[in-house]
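Student: Here this note's numbering is used: the first residue of the sequence shown is 10, the next is one more, and so on.
No lab work stands behind these hints, which were simulated from the structure alone.
Take these hints with a grain of salt, some might be off.
As the list claims (entries may be wrong) - Here are the simulated DSSO-like pairs of lysine-lysine, each with C-alpha atoms no more than 30 Å apart in a straight line: (1) Lys150 with Lys81; (2) Lys71 with Lys41; (3) Lys61 with Lys41; (4) Lys150 with Lys96; (5) Lys50 with Lys96; (6) Lys81 with Lys141; (7) Lys81 with Lys98.
Stated by the list, open to error - Simulated DEER-style distance windows between Cβ atoms: (8) Phe32 with Lys150: 20 to 30 Å; (9) Glu154 with Arg133: 16 to 26 Å; (10) Glu139 with Asn72: 31 to 41 Å; (11) Gly158 with Lys54: 29 to 39 Å.
Glycine included, each C-beta is placed from N, C-alpha and C at the ideal position.
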Amino acid sequence: MTKLRNMKFTRKILTEKPSVAEFTHVVSCFIKRNEKILLLKRSEKVRSYRGKWATVSGYVEKNELPEETALKEIREEIGVEVKLIRKGKIIHVKDKEGNWFVHPFLFEIKSGNIRIDWEHVEYRWIKLEEIKNYDAVPMLKEALENVLG
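My request is simple: use the sequences and hints to build the entire structure.
Tutor: This is the structure in structure tokens:
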């Protein structure tokens, strides 16, 4: 696997439909509690961005809406019930492996305690401005700014 520092990224927030033949839709779910955001450190068992800080995320399956994927991934990865606060604009990340269309969401915890699954090894509640201090997946800070409006 090519090291992240050697990869070139094209980053932008979509304002129009790109002319791309192949792409993958993924969700990025920011979880809010008491003015803090949940960050999760990805395990060595996941396919991409191992050891990077991220949100709850996952691939949008065929015949599944991004909102459905977001709720499913939250239940699977951290085991809490949430309320949707806001959906952000789609963000395009192009890397060596393909084109990624990231659907960012902001949720608030309704009930439950964080219980991470195998995809993560650690979690932290951080202040919004602290996100820049983490070795994160591409465009995480921009996705957060996007979903906060």
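Student: So which of those numbered hints doesn't the model satisfy?
Tutor: Violated hints: none; all satisfied.
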